[in-house]
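**Q** Sequence:
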Amino acid sequence: MRLIRAALAAGLLLASPAAIAQSASGDDPLRVLREAEADLRGLLQRLEDGTVPASAASSRLRQALNEVERAMLRLPAESRRGSPWQTAVKELSEAMAAVREEGTDPAAARQAAGEALATLPALRGEETGSGGS
192 MRLIRAALAA
202 GLLLASPAAI
212 AQSASGDDPL
222 RVLREAEADL
232 RGLLQRLEDG
242 TVPASAASSR
252 LRQALNEVER
262 AMLRLPAESR
272 RGSPWQTAVK
282 ELSEAMAAVR
292 EEGTDPAAAR
302 QAAGEALATL
312 PALRGEETGS
322 GGS
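According to our numbering, the sequence shown is numbered sequentially starting from 192.
Rather than coming from a laboratory, the hints here were simulated on the basis of the structure.
Treat the hints loosely; a few may be bogus.
Claimed, not checked - Below, computed lysine to aspartate or glutamate pairings styled on DMTMM-like, alpha-carbon distance capped at 20 Å:
no.: 1; residue 1: K281; residue 2: E292
no.: 2; residue 1: K281; residue 2: E258
no.: 3; residue 1: K281; residue 2: E239
no.: 4; residue 1: K281; residue 2: D240
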């Protein structure tokens, strides 16, 4: 898990501004992050409600976390520093690792994704809520 976290952190920290700007394709980075956050929150709710088939849960959760990662990479350089950034990277990498691990309890993967979700408002300079999902 440390290796995954280190690789994710290195990828997020070393992404070139040109690559990030190019991938943003003109979209407002904060809006993209909000959309990815909303999509992840909605997926977590559907998983909780049982409306996502168990066979698709891991795949959809992985896809939603990847979208959050891409959105984080689009943030301006000043947003990719400091404690909120480090916390978000840590929680996101742990959630991605939980989803990728064979035999992981789906509830544990959802919990890890919820914890990652709770860190995202701080990246936008907003206060975080008390709930993780």
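**Q** Now look at each hint and say whether the structure bears it out.
**A** Hint-by-hint comparison with the structure:
no. : hint           : in the structure
1   : K281 with E292 : holds (16 Å)
2   : K281 with E258 : holds (16 Å)
3   : K281 with E239 : violated (24 Å)
4   : K281 with D240 : violated (27 Å)
Checked against the numbered hints above, the structure breaks hints 3, 4 and satisfies the rest.
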